Amino acid sequence: MNSFEGLSLLEQLGNVGSEVGRAEAAKAGGDKEKEQLAATRALDLLDRVVADPRWRPRLKEIVRARNLVADYFFGINEFNSKGFEKYFYQFALASRLKR
Amino acid sequence: MEIKVFDKEIYLSELEKIAAEQFGDLVKAVVDIEKKVMAVGGELHADEEKQLLDGGSEQKNLWGINLYPAKFGTEEFIEFDSMINIRPSQNNRSRSVEDESMQKKIRELVGEMMHE
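So the sequences go chain by chain: E and Z.
Residue numbering for the first sequence follows the numbering used here, starting at 1 and increasing by one per position.
Residue numbering for the second sequence follows the numbering used here, starting at 1001 and increasing by one per position.
These are calculated hints, taken from the structure and not from any lab test.
Please note that the accuracy of each hint is not assured.
With a Cα cut of at most 27 Å, we get these calculated DSS-like pairs of lysine-lysine [unchecked claim]:
(1) Lys1105(Z) with Lys86(E)
(2) Lys1004(Z) with Lys60(E)
(3) Lys1017(Z) with Lys1071(Z)
(4) Lys82(E) with Lys1105(Z)
(5) Lys1071(Z) with Lys1035(Z)
(6) Lys1071(Z) with Lys1104(Z)
(7) Lys60(E) with Lys82(E)
(8) Lys1060(Z) with Lys86(E)
(9) Lys98(E) with Lys1071(Z)
So the derived list for chain E, only partly shown, Cβ under 7 Å to chain Z, looks like this [claimed, not checked]:
(10) Arg64
(11) Arg66
(12) Asn77
Being a predicted model, the structure only gives us computed values, none of them experimental.
Note that beta-carbon positions come from the ideal geometry of N, C-alpha and C, so glycine has one too.
With the rest of the complex left out, here is chain E:
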């Protein structure tokens, strides 16, 4: 089993947060290429979270998070997002607290 697909939801979203954090740091620093690369990796990971059959009953928020991340980094920020690092960092912290 691929290691990402073996993680808990908290761990998976924590991993997404690492890439989102990189994308946000690049965005703040004006490095568009780095921002897009990290955001692409974040979306790829989010797509794998969405595809995980374990989370099917809980897809609403995961899909919404994916759409907002896509809107923020690749769209027009229609939903006036101010960033996601805090949202995803919470999951990383929670996964560490559970160990």
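With the hints as your guide, set chain Z onto chain E.
Only chain Z this time, still in chain E's reference frame:
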């Protein structure tokens, strides 16, 4: 962690315990402003939302917030930030609660329920 739904008092110590076991400094909560209940303890706001919907709540009355036990008694105790709040049909187009009168209602409800 099991999601708990409160319709009366919630003690700060309960929130502190949930925070310590989950996210460290915060507790995710969803309030039903009409039924005056609050669900806490979910990993996702959407998990709490689902529990309240299953219990008869209407989505238009549900709002997601984060509670910071260490900031109890201050404005920073409640943070209006949740994926479930994005509801264009109610003219709420961000993760926040954009209607200040609704923010006030939520603060009042949480204030009535919280006990130190």
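Okay, the hints, checked on the actual structure:
no., hint, in the structure
1, Lys1105(Z) with Lys86(E), "holds (25 Å)"
2, Lys1004(Z) with Lys60(E), "holds (20 Å)"
3, Lys1017(Z) with Lys1071(Z), "holds (15 Å)"
4, Lys82(E) with Lys1105(Z), "holds (24 Å)"
5, Lys1071(Z) with Lys1035(Z), "holds (26 Å)"
6, Lys1071(Z) with Lys1104(Z), "holds (18 Å)"
7, Lys60(E) with Lys82(E), "holds (21 Å)"
8, Lys1060(Z) with Lys86(E), "holds (26 Å)"
9, Lys98(E) with Lys1071(Z), "holds (23 Å)"
10, Arg64, "holds (5 Å)"
11, Arg66, "violated (10 Å)"
12, Asn77, "violated (10 Å)"
The structure shown violates the earlier hints numbered 11, 12.
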